[in-house]
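Q: Start from the sequences, fold in the hints, and give me the full structure.
2 protein chains.
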Amino acid sequence: MRVSHYHLNTQKEAPAEAEVTSHKLMMRAGMIRKAAGGIYTYMPLGLRVLKKIERIVREEMDAAGAVELLMPLVQPAELWMESGRWEQYGPELLRIKDRHQRDFILQPTSEEVVTDIARNEIHSWRQLPVNFYHIQTKFRDERRPRFGLMRGREFIMKDAYSFDRDEASAQASYDNMYAAYMRIFQRLGLEFRAVAADTGSIGGSRSHEFQVIAETGEDLIVYNPDSDYAANIELAQAPCLIPTRAAAGQAMRKVSTPETTTCEAVSGLMGIPLDRTVKAVVMAQPSPEAGKPVSLCMLLVRGDHELNEIKAGKLPGLNSELRLASESEIQDAFSCPPGYLGPVGVKDIRVVADLTVANMHDFVCGANETGYHLADVNWGRDLPEPELADLRNVVAGDPAPEGGTLAIQRGIEVGHVFFLGDKYSRAMNATFLDTDGKPAIMQMGCYGIGVSRIAAAAIEQNNDEKGIIWPRAIAPFSVVICPMGWNKSEAVREAAEALYQQLLAQGIEVLLDDRDVRPGVMFADWELIGIPVRITVGDRGLKNGVVELVTRRAGQTQEVPVQDAASQAIQALDAFR
Amino acid sequence: MRVSHYHLNTQKEAPAEAEVTSHKLMMRAGMIRKAAGGIYTYMPLGLRVLKKIERIVREEMDAAGAVELLMPLVQPAELWMESGRWEQYGPELLRIKDRHQRDFILQPTSEEVVTDIARNEIHSWRQLPVNFYHIQTKFRDERRPRFGLMRGREFIMKDAYSFDRDEASAQASYDNMYAAYMRIFQRLGLEFRAVAADTGSIGGSRSHEFQVIAETGEDLIVYNPDSDYAANIELAQAPCLIPTRAAAGQAMRKVSTPETTTCEAVSGLMGIPLDRTVKAVVMAQPSPEAGKPVSLCMLLVRGDHELNEIKAGKLPGLNSELRLASESEIQDAFSCPPGYLGPVGVKDIRVVADLTVANMHDFVCGANETGYHLADVNWGRDLPEPELADLRNVVAGDPAPEGGTLAIQRGIEVGHVFFLGDKYSRAMNATFLDTDGKPAIMQMGCYGIGVSRIAAAAIEQNNDEKGIIWPRAIAPFSVVICPMGWNKSEAVREAAEALYQQLLAQGIEVLLDDRDVRPGVMFADWELIGIPVRITVGDRGLKNGVVELVTRRAGQTQEVPVQDAASQAIQALDAFR
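Chains as they are written, first to last, in the UniProt record's numbering: chain A, 1 to 577; chain B, 1 to 577.
If you are wondering where the hints come from, they were derived from the structure by calculation, not from laboratory data. This structure is a prediction, so every number in the text was calculated from the model and none was measured.
Identical copies look the same in the list; a pair holds intra-copy or inter-copy alike.
Below 27 Å or equal to it, Euclidean Cα-Cα: the simulated DSS-like pairs (lysine-lysine) are:
# : residue 1 : residue 2
1 : Lys97     : Lys34
2 : Lys24     : Lys466
3 : Lys24     : Lys51
A: What follows is the structure in structure tokens.
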């Protein structure tokens, strides 16, 4: 591609609203342009990246035996009512009315439409298993879209849906997709991790996230550097850190702690280690009892630990509606503010202690009285033995389930595989005639990949102060030729043009920068845009028969003979992740 | 592709609502499935056809120097307010509100977004010309979607937008796109015609439609078989068929014509040729005068001709709001019903005669009195000379503008190129700094191709009683191998498998029908689906070292030696349009 014929528009500054690196760099490199909050035009360079991601995804999905179709973007509400999601889905589901005032939605995913297709098209076990996928624009009306393509409203997703005869076959379909996802992210050239995940509101019983490793990621991944174990922070089990509870010491005593409302502050004031304190968090959820608006519970974690609300929400009797109790709810129940809460003397409110807390002794906690804490508190002596559960986030250094030590890193979720079971197929009555001639309900899985989000995640993982460093597989172009003095030197023009034709003939996606701008501008543009290999052609080098070859990631510069430049560029590319 | 791994679901019957051939055949062949009125899922076979069309369109757009990007589907209302189309566009424009009650639309086209991009990105004449295109889902909320992909609500369109410095350059961009469209439709293997067209409400001054020729088409194309002339019926000039007006004969007389309200009936009753009668059509449009709801006019065409309302709407003083007057409006003005109208004695209402009517003599027309017509009416004698205009549809046999005779055929509009001028760029202030350093307004063109509609149009043009006959370029697969007795004969299975591998190795998109169904079922399926070449492998032929090769279009069957089957199939394909 001749750059003069291409639409290039780099910018020195990113807009103020761009908070994260990928958003800033995609704006500056001219890859996206904002149309509205969370809605972008993919400019030519950006679209090339998306197409490369799509292609790899498509090839591996096809190779895995999935069949591509294309489901509509505007979907009838009736199907979403059948599944129950018309009511359950929050305002992220954009509900619209057509000119006849009929209800539709803009698809955020396509479980309903694909299940409708399956129940209409599949009649016999002979037609199973089948895995339908499409790559299509999606819409989720995020309350606060931000971070460019990381959390947009309109985005591009590959979503696949498997249908199977029974659970064993569905598990094989799930494993098949898991393997395909591993190949996809390997081919994309990204550092990633497959992570056991919570199935959340989408239901089902098994799930993995595919996380691109990046310091700027929003998700926390718990993993064992010495094994395959990896789970997201909601699912990773936090073990009890105290093998056995020591005997109680001094009698419990009340300590004056005025205006000391955090474990850190109490630890400082009393001169004791933070891991001797216990944090009490009061949560609320709608009460099942008539006339009682909420039911409260108190959850205890060690002072240096963090409560994981998702884990809490999965305890028997609690659910995903669990939330922090409000200050007034706490005042009503405890007659004291949140900073002084503790489990001693609590009646009629459920108390659950984290596994580690349960083996603490002589600990410090709130006294349920403003300005006071209790010290030397001991289970069984000062208060009843607690209900036990894993309530906290894993921290780096925690022992791993199979030995070794857990580590934590940040990631960006770019793929997710779910074992759905019969959640949708039962609600929508997607049955088939099984080998015994009787109707059976299909078992489903669903498998998503955020195509546009991958572009952003790749940048979060691969950038430096100059700009983007695209992995080779998804770089918009592989090589850029920068002639020094395009309009001044015929020798430069001829050598650059010859090299351009050689690389084109080898099937390399190459740019010829014929804009005749200053070298500094040229180099800055291509470093910002992140083309893997740059070849600089100048009169000085040509006199010695050489051109300059620079790799974007290593920043290595080497002079190579003109006649070897094309093959050396290809070699450099092959070494480029 | 092994058919057992592919999702195939043909049907004997099309749903009752499928009125046209392409809709019926795409439903029966399992290429589309309805999700809601005018909204379809493209099933795997259907999607393959779309992808092939897209690919040809993309390759030719790229070769023509256009640059692909991807504009959003959900677009902010503000831009549409700027252009004025937020108000002007009818209910086909789906207006939606997001969760914050902000206004958006689902894109039917993208003039506003692309003009916004141009005004933000293009600052200098050096960046012009540029042509941006995308291939994207569109939505038009048709009042009555029908005919499957022919008039859907959600559909796939390629839309391109050129920006130029001045009109001459914009004309060159238009010509460039016109040439690209010619190549695209040639490559698609469709019989088509580029037709001069009305610019309609989209504005601009020049326009061509690309029409796929099909008897079932909704559009009428006027063309000269002996020249390049072709225009749609709205634009084609209808000449005056009577060179000079003959002298008046007998005096005008009133004739009793009870319950005779059409020219055909009057002609029959009076025993005169239809071309001696004049049809008077009274039209209405909102009146510019205060207190007068509508203004009426009477338009005259010869009894054997048809009024063209689009031509009428373009007369000075009339506009696109022109419509047939209601019966009560006619009663109020003429004190008689529509069937007895005529120009004699009409006062205060504008009368316009078609060019041919103006040279008629001794003609018959309504008397503006129930049950009566006037005969032997003559211009200048019985009523004033009329205002003249081309008001009628061309009919086959009319003389062509450059000599020869006009013919008419039916077509399906699948592409449209418009010279827009500065309609959008002026409204949205899309300026650039011209060579003289002063801001100038960009000149625009827009160019659409209905990707999904092409699939339907190709079927309307290419089908028989057995099903679809895909042109080779857009067939979902090129060759299908049908083994007779897949599960019974090892020789058949081996020969079929070998042939399959040979064709795959040659890059041919080949299906291997390993379903082990009856030959009749197999053949009917592939004839319905329309695969260009079928190879039947059976024990009987193999004994003689031959297989059977059948071409879908010609229906020719020939026996070919097994070892030549692959090369003969490729030859047959090459001969296949």
